[in-house]
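Enquirer: Sequence:
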Amino acid sequence: MSYETLAGRTAVITGAASGMGAATAGLLAAQGARVALLARRAERLEEVAAKIVSEGGEALVVVTDVTDQASVDTAAERVHTAYGRADLVVNAAGVMLPNPVDEGRTDEWQRMLDTNVSGALRIIRAFTPDLVAAAADGRTADLVNISSIGAHVTFPHYAVYGATKAALSHLSASLRTEFGPRDVRVTNIEPGLTDTELAGHIDNAELSSQLDGMFDALGALSGDDIADLIAYTTSRPRHVNLRQLIVLPTRQA
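The sequence shown begins at 245 in our numbering and counts up one residue at a time.
It is worth saying that the hints were derived from the structure and are not from the lab. Please note: incorrect hints may appear among the correct ones.
What the hints assert, rightly or not - Here are the simulated DMTMM-like cross-link-like pairs (lysine to aspartate or glutamate), alpha carbons at most 25 Å apart as the crow flies: (1) 295 x 447; (2) 295 x 309; (3) 295 x 469; (4) 295 x 450; (5) 295 x 248; (6) 295 x 422; (7) 295 x 441.
Please put together the full structure from these sequences, using the hints given.
Expert: Laid out in structure tokens, this is it:
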């Protein structure tokens, strides 16, 4: 589909080195948006940016660790210097590290909390003034958070991951009450089974095998599917807020 109203917008996308983030960056850039690519892996970001530029788009590589406040602050300065204010922010950075709670993997719990919840909050804090100013100027302003169906559907051994995503979904709903009156849209997207690098982070062989079986039985969404949904959502007229979107592979539904 063509989303012509995205032309001229300035998008900040976390988790842009792969998966949903990279796909979203590519699609938004193809529609004429300037995209700032935020993630930790410089080499992967350069690859994503090079592809965007080769296809006629505009991309800025900003190596960023969303778990570190100083890194996020520096990233915001770089974006502002290069592009000015952002009017579209996509929180796509996330980690999924399932394990039984009684294993007490506090290292994994902290990593998920720092990335999925605090990381999203750091980005929101950094770019909220941009979104509010853009809306006040009469432009479209969007905050998009990528949550998960794990926010409301329970899976054994995914308790902490699900809790972090539930927090993000609730945060999105609450932010709507603060941002909506100022014409800033907040969209929460909850994908089901999606083929990204998240599955490769699992260090539990049994759970990894279980997830592989789900991919085989149900099929999966792709990063491009989520990117298309984000592009559609953020290209609606500025008075229309698609607030909560749940997207699943047909067989998973």
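Enquirer: Run through the hints listed earlier and report the numbers of any the structure violates, in increasing order.
Expert: 1, 4, 6
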